[in-house]
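Chains as they are written, first to last, in numbering that gives the first Met the number 0: chain A, 0 to 426; chain B, 0 to 426.
Treat the hints with care, since some could be wrong.
If several chains are the same, the list does not tell them apart, and a pair holds so long as it fits within one copy or across any two.
[To be verified] Below 30 Å or equal to it, Euclidean Cα-Cα: the simulated DSSO-like pairs (lysine-lysine) are:
id	residue 1	residue 2
1	292	85
2	326	83
3	292	255
4	239	83
5	85	239
6	83	4
7	292	412
8	6	330
9	369	292
10	330	4
11	412	239
12	239	89
13	292	239
14	6	85
15	83	292
16	292	330
17	369	4
These are calculated hints, taken from the structure and not from any lab test.
Number of protein chains: 2
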Amino acid sequence: MARLKGKAVVAQSGGPTSAINASAAGVIQTALRNDSVFTGVYGSLNGILGVLNEELFDLAQEDPAQIDLLRKTPSAALGSCRHKLKDLSKDRADYERILEVFRAHDIRYFFYIGGNDSMDTADKLAHLAREIDYEMIAMGVPKTIDNDLAFTDHCPGYGSVAKFTATSAMEAGRDTEALYTHDTCTVQEIMGRNAGWIAASAGLARRVEEDAPHLILLPEVPFVLEKFVADVRQCLRDYKRCFIACGEGTKTADGKYLGEAGGTFAKDAFGHTQLGGAAEAVRAILEQEVGVKCRVNRAGTAQRVAMHFASRTDIKESYMVGAAAVKAAIKGTSGKMVTLVRHEEDGLYRCTTGLADLADVANGEKMLPKEYLNAAGTGVTPAFRAYALPLIAGQAEIEIGDDGLPVFARLAKHMVPHRTGRSYRAG
Amino acid sequence: MARLKGKAVVAQSGGPTSAINASAAGVIQTALRNDSVFTGVYGSLNGILGVLNEELFDLAQEDPAQIDLLRKTPSAALGSCRHKLKDLSKDRADYERILEVFRAHDIRYFFYIGGNDSMDTADKLAHLAREIDYEMIAMGVPKTIDNDLAFTDHCPGYGSVAKFTATSAMEAGRDTEALYTHDTCTVQEIMGRNAGWIAASAGLARRVEEDAPHLILLPEVPFVLEKFVADVRQCLRDYKRCFIACGEGTKTADGKYLGEAGGTFAKDAFGHTQLGGAAEAVRAILEQEVGVKCRVNRAGTAQRVAMHFASRTDIKESYMVGAAAVKAAIKGTSGKMVTLVRHEEDGLYRCTTGLADLADVANGEKMLPKEYLNAAGTGVTPAFRAYALPLIAGQAEIEIGDDGLPVFARLAKHMVPHRTGRSYRAG
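Working from the sequences, and respecting the hints, build out all of it.
Printed below as a string of structure tokens:
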């Protein structure tokens, strides 16, 4: 079979992370080096929206140093989106538009860096292209701090957010400790709407019993008010303080997010329901049910892009999956997502890449397994440590400017002239 | 004059920082080395409360490696407090109790690491001791992330929180940038109840116009709703995004904290006033007045103890002020706080220590000067950069364990037997 020649497009989707640009760098640098296959390497502005809107930019025209600096740059330098394509069986317009743009620019390779939805998009595109006999290759590059993609040992981006989360819990835990002249609580809200992988990573900070976090709340363990209050009271008796790592996706037994259900447990001094998310709900509960002072830390988006303390292992692997996607595509592979495969020999961690069907990945979701949580469901086990510690190993290099602050890449984004001759309103 | 011999006590007070333990290490190591002067070096558990409660521990019995590790450990390892002594003219009981404890243990040197209130306490003790003819030396060691102590160029702790604040604004700013397919705002809440020094430090992240933060809110500039809304709208026109660094102490023209006054500007969907602090108030304003999606990041206490990205300069200077306090005390100096003195020759920053009267420091407060803010009051000037950049230079060393996470010191705190023969109920 003759090797498919044509342009490549790379796009980023979903929530930014510290690692998603490293994956983009892996795709871009590997593709640019293989110019006998790729007649051009384009970026798509804001994920799949850039294809729909025909907003493509030529990555060959970027300063190669900036491309390289992407490995040390958080967030999504190509621009991201939260756009979910319509169901192919109900509305083909979006998909047909994408293929129209691909055809117009002779785009034959599509690399989509993202989570479940992005894998679904890439999969459907691969199918439709086959159906209409447009020869193209679609590959998925996994990323999600949530670490909830199936068929991969872990997800690029998770190691970095886990490292920062554990470190921040450790530091803020010491802060709580310093002022324990009175019983005092701190609730640190941690990302992860559906799975508790990130909240669990806070547990790595607890090397000995008195260390923070004393309690972890996460979506996999239903929140039971009476048990929680009793746990906190016990902790205050033991240590005069209680540090709680609170996953934002913590839910009650009937499936209500704590942030929404807060009002059923506790009303603030003015009789309002709590609206500020899971941690604010927990704070209200503690102040009223236990009667202790409670602080809320909620780093928000800052936690997922904390490049200044990212995991070296994570960034290296994130680059690796990007590069592997291109290498597989050159060999003619399509409709697959690159996976991370863990090898452990003599206690040494090693990681290589594998491949999984996009369709399988798109429909899977990997929750935190039971054996990673202790019996009470409030802390992590040695098995979780063994899983997570290799992923946070090493501190990623960053570039520091003369002003002592990080220097991040910003792409020039030389836009490619339109070729389809029509505009399109996505979504 | 014969050199005063006796025991030394060191205590920490106020909010934890990344640097306050470095100052403690400076005091402790310098005192332990001078055992011809100091017949013992004690820590006071939870600031002045430890003296009042006669809860003292013997620092000579600590593992010297742990004392050294204090330089790389955030928070307040001796324990901190928020206890303010009563007015000496109204109630001498607390002060007399302190001197009773000092006398019982032959404590002749008192080193208090803290902010205004701590300097006031140290000053009053020095006075009272003179009055009752108990020979002792009291020295103040400055610390406050707020950077609002007078008579010192800057405060130990500030450089580290400034470095982390700017870095986090830079990173979260990139996060906001990635998703600007629709107009979007992020409000990052930054510590500093009375002064805007930390909020201003976020401004260091803005190297070029499009960088975050686009607007800074701080206590020194009264918040005016119409102007703020107009500023945000302009920013959204210019960049399709707006990142706001919001000092928690931002106030309206009539002196109300934004967090409290929020309800006068904006009510949430349920008609409630906003209670979650300044950033939540700003979010409510933006969602209603401008109609854009708005995220709130609020790292809370985690920002002031972000040891993993502390300033090397800050930590070095924090140690230096601790050591300088002991050296001055050995020479017989009392009633003084150690200051940091900036020297700039040929554009090179150098810093030495000086001394200021405790009484002067206790009553002073240093707000952000006008020339450090631009005309609109929403950004910082080159003069502020010139002031702040040397303070954040270099990344402080930390110790990393086999698990890839920081290793912090924890003192064994060998308690000293009681000698006063009575207990005392502080406060």
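TODO: Can you give me the call for residue 292 and residue 330, within, between, both or neither, at a CA distance of at most 30 Å?
DONE: neither (60 Å within a copy, 44 Å between copies)
At most 30 Å between CA atoms: does that hold for residue 292 and residue 85 within a copy, between copies, both, or neither? between (48 Å within a copy, 23 Å between copies)
My question is about residue 85 and residue 239: at a cut-off of 30 Å on alpha-carbon distance, are they close within one copy, between copies, both, or neither? between (53 Å within a copy, 26 Å between copies)
Practice item. Could you figure out if residue 326 and residue 83 sit no more than 30 Å apart (CA to CA) within one copy, between two copies, both or neither? Key: Only inside one copy: residue 326 and residue 83 sit 27 Å apart there, 66 Å across copies, limit 30 Å.
Worksheet item: What label fits residue 6 with residue 85 when the C-alpha limit is 30 Å: within, between, both, or neither?
Response: within (25 Å within a copy, 76 Å between copies)
* Pop the pair residue 83 and residue 292 into one bin, within, between, both or neither, using alpha-carbon distances up to 30 Å. => between (42 Å within a copy, 19 Å between copies)
**Asked** Is the C-alpha distance from residue 330 to residue 4 at most 30 Å within one copy, between copies, in both cases, or in neither?
**Response** Classified as within: same-chain Cα gap 12 Å, cross-chain 81 Å, threshold 30 Å.
First find the shortest C-alpha distance between residue 369 and residue 4 inside one copy, then the shortest across copies, and answer within, between, both or neither for a cut-off of 30 Å. Neither. Shortest intra-copy (47 Å) and inter-copy (61 Å) distances fail the 30 Å Cα cut-off.
*asked:* If the cut is 30 Å between Cα atoms, do residue 239 and residue 89 qualify within a copy, between copies, both or neither?
replied: Neither way: residue 239 and residue 89 sit 58 Å apart in one copy and 33 Å across, limit 30 Å.
Q | Up to 30 Å CA-CA - residue 83 versus residue 239, copy category | A | Only across copies: residue 239 and residue 83 sit 21 Å apart there, 48 Å inside one copy, limit 30 Å.
If the cutoff is 30 Å on CA atoms, where do residue 83 and residue 4 land: within, between, both or neither? Let me know, please. Within one copy only: 29 Å inside, 75 Å across.
Is it within, between, both or neither when you check residue 412 against residue 239 at 30 Å Cα-Cα? This pair counts as between: shortest inter-copy Cα distance 17 Å, intra-copy 55 Å.
Hint compliance for this structure: hints 9, 12, 16 and 17 are broken, all remaining hints hold.
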